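S.K.: This is what each chain is made of:
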Amino acid sequence: MTKNLLEIEDLKVRFKTEDGYISTVNGVSFSVKQGETLAIVGESGSGKSVTSLALMGILPANGEIYDGKVTFEDKNLRTLSKKEYRKIRGNEISMIFQEPMTALNPVFNIGYQLRETLILHYDMTKEQANKKGIEMLETVGIPDADKVMGRFPHQLSGGMRQRVMIAMALSCNPKLLIADEPTTALDVTIQAQILTLMRNIKEKSNTSTIIITHDLGVVAELADRVIVMYAGEVVEEAPIYELFENPLHPYTKGLMASIPKVHDVVDELYSIEGTVPNPSNMPSGCKFYPRCPLGNIECTKIHPPLEYISADHAKRCIKV
Amino acid sequence: MKYFLKSLLKTIPVLFLITLIVFLLVRVTGDPVSLMLPETATAEERDSLRESLGFNEPLPVQYFTYLGNLVQGDFGDSFRYNTDALSLILERLPATLELAIASMVIAVIISVPLGILSAVKRNSFFDLFITGGAVLGKAMPNFWLGIMLILLLSVTFQVFPVSGRGTLWHLVLPALTLGTGIAAEMTRLIRSSMLEILGQDFIRTARSKGLGEAIIVNKHAFRNALIPVVTIMALQTSTLIGGTLITETVFAWPGLGQLLVQSVNLRDMAVVQAATFIIAIFVILSNLSADLIYRFLDPRIKYD
Numbered sequence: 001m002t003k004n005l006l007e008i009e010d011l012k013v014r015f016k017t018e019d020g021y022i023s024t025v026n027g028v029s030f031s032v033k034q035g036e037t038l039a040i041v042g043e044s045g046s047g048k049s050v051t052s053l054a055l056m057g058i059l060p061a062n063g064e065i066y067d068g069k070v071t072f073e074d075k076n077l078r079t080l081s082k083k084e085y086r087k088i089r090g091n092e093i094s095m096i097f098q099e100p101m102t103a104l105n106p107v108f109n110i111g112y113q114l115r116e117t118l119i120l121h122y123d124m125t126k127e128q129a130n131k132k133g134i135e136m137l138e139t140v141g142i143p144d145a146d147k148v149m150g151r152f153p154h155q156l157s158g159g160m161r162q163r164v165m166i167a168m169a170l171s172c173n174p175k176l177l178i179a180d181e182p183t184t185a186l187d188v189t190i191q192a193q194i195l196t197l198m199r200n201i202k203e204k205s206n207t208s209t210i211i212i213t214h215d216l217g218v219v220a221e222l223a224d225r226v227i228v229m230y231a232g233e234v235v236e237e238a239p240i241y242e243l244f245e246n247p248l249h250p251y252t253k254g255l256m257a258s259i260p261k262v263h264d265v266v267d268e269l270y271s272i273e274g275t276v277p278n279p280s281n282m283p284s285g286c287k288f289y290p291r292c293p294l295g296n297i298e299c300t301k302i303h304p305p306l307e308y309i310s311a312d313h314a315k316r317c318i319k320v
Numbered sequence: 001m002k003y004f005l006k007s008l009l010k011t012i013p014v015l016f017l018i019t020l021i022v023f024l025l026v027r028v029t030g031d032p033v034s035l036m037l038p039e040t041a042t043a044e045e046r047d048s049l050r051e052s053l054g055f056n057e058p059l060p061v062q063y064f065t066y067l068g069n070l071v072q073g074d075f076g077d078s079f080r081y082n083t084d085a086l087s088l089i090l091e092r093l094p095a096t097l098e099l100a101i102a103s104m105v106i107a108v109i110i111s112v113p114l115g116i117l118s119a120v121k122r123n124s125f126f127d128l129f130i131t132g133g134a135v136l137g138k139a140m141p142n143f144w145l146g147i148m149l150i151l152l153l154s155v156t157f158q159v160f161p162v163s164g165r166g167t168l169w170h171l172v173l174p175a176l177t178l179g180t181g182i183a184a185e186m187t188r189l190i191r192s193s194m195l196e197i198l199g200q201d202f203i204r205t206a207r208s209k210g211l212g213e214a215i216i217v218n219k220h221a222f223r224n225a226l227i228p229v230v231t232i233m234a235l236q237t238s239t240l241i242g243g244t245l246i247t248e249t250v251f252a253w254p255g256l257g258q259l260l261v262q263s264v265n266l267r268d269m270a271v272v273q274a275a276t277f278i279i280a281i282f283v284i285l286s287n288l289s290a291d292l293i294y295r296f297l298d299p300r301i302k303y304d
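Chain order of the listed sequences is U and W.
Going left to right, the first sequence walks through residues 1 to 320 as full-length UniProt numbering numbers them.
Going left to right, the second sequence walks through residues 1 to 304 as full-length UniProt numbering numbers them.
Bound-form chain U, shown alone (with noise of 0.2 Å):
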């Protein structure tokens, strides 16, 4: 068995607003082995996004983790000092975000941006962060690597800049990737061209990645495993195989039925009525049971631990 790079239990995230704290992630667990490709699906405001940037540490400042543990390669991040942080961030563990078009700073060149975090890591100097930096560049398939260093991020198309927001991200060979929603933004055609570029990349290194998404085409294409959050919790979690055979929470199904099927022609696609619950004001008992199809009103005594059918697959729900 492989070993677990990174291991996350039961994170809890709040935010101070001016009505107090309200608390986006309650409880999630989940781990990484190493070469492993993990999908972290769900809705807007399921908490997947958020969870991925405490575990960069990069919450925003009304944001932050109040329990849990989150242990990369036995270290703890939660007790590592600013600094330490630092030096883990963009090197052993980095991120892509969804939007390339904001992501890049638009006053600095592209060889400025990529040469950055070489130097901050590598202790290169500015020479020997530019060859590297144009070797990023072409192993992600931009053509003229040398050229497009001394461009702005405005002069790039938005699946280039993705590329760029890609090499920068892999350029100190990080042993963990995290992937936002890193094709919702794109057209579809750059979709699957960054696919592939992403597989290739999981072929070719041990990187593990985490893919955040609400796209389950993206977790078929990548995946290796995934767990499935609804507001602030983990309610599946799978083998992408056993996850697409036999989905059991209600609210997986009902993911998987919202995908449109060429072959069965329907009038109406399916949707999940309703919409994820304010974190403000949860319902008690099962958080999915307003939308449910299962639902009674046993649902609305208890909260459903995650428990685990198999070795490997769990779900959220007394239901099923």
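Calculated directly from the structure, the hints in this document are not laboratory data.
Note that the structure is predicted; figures quoted are calculated from it, not measured.
The reader is advised that the hints may include incorrect statements.
[What the hints assert, rightly or not] In silico lysine to any residue, SDA-like type, Cα no more than 25 Å apart, as pairs:
(1) U:Lys69 - U:Thr207
(2) U:Lys12 - U:Glu92
(3) U:Lys126 - W:Lys2
(4) W:Lys2 - U:Val107
Following the hints, position chain W against chain U.
M.R.: Just chain W now, kept in the frame of chain U:
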């Protein structure tokens, strides 16, 4: 460079328009001759003076004579000082520029660190103190602040001279008086500009790279936040050159503002026209330099 030349060419019609407006304005404000001669002067005497100064010609003729002289560098003579207007102005210009630059330097030295810190520590006691101080700095009238500074630092503690121009010490109080108001405005602007930038996605990216907070704030954020600040700096510089009459009066600073107002009161046409023309050139130049600085700061701006 091509853009710069083009902009310079574009300013020519602006300058012409300014000469026309000022030319007309000084002529509708009253008859200079009535101020130049004693009250006992006869109508004939007035008329002959008017004739000799060329005021009896039709306005268009007068204007084109004026323009014709202007392009040859002749701004006309001052009625009051009996010397040519341009040399009067050039005599005053160094004092004005000196004060303007010193005020701007003081404003930048105060506002940049305070604005940045205020944004980084937003809603803290420090931030509250600085934003409150900025409101106060903006609200204090210059003449009052100037007099207070004189009372405190010149009269009571005798650190700086009361008035006049000469040494570097003479410059401190007037520059501080003018710089305070500008610093207040720039502090607020830098704060709000920084706050906006610090919330951007690329700041999160910079954090995710493991960069230290100092580099994120001073490099990644500040370079972006500077863009609107440069606009205000350019505007303020042109205001400073255009005349800081009140401060100049309080400190008996021999600048352009003082000369301009005196000349308006005395209907010293040539001086008013020349001074406005020179000020207009400086306003245009400071706007042009702002344009050039933008280009350096923000690669997204392209001129052609």
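S.K.: It remains to establish, for every hint, whether it holds in the given structure.
M.R.: Evaluated hints:
1. A threshold of 25 Å between alpha carbons decides the hint, and for U:Lys69 with U:Thr207 the separation of about 22 Å falls inside it, so the pair holds.
2. A hinted pair counts as satisfied when its Cα atoms are at most 25 Å apart, and U:Lys12 with U:Glu92 qualifies at roughly 23 Å.
3. The straight-line distance between the Cα atoms of U:Lys126 and W:Lys2 is roughly 33 Å, outside the 25 Å bound, and the hint therefore fails.
4. Restraint check for W:Lys2 and U:Val107: satisfied, since their Cα atoms lie roughly 23 Å apart, inside the 25 Å limit.
Consistency with the previously given hints fails for number 3 only.
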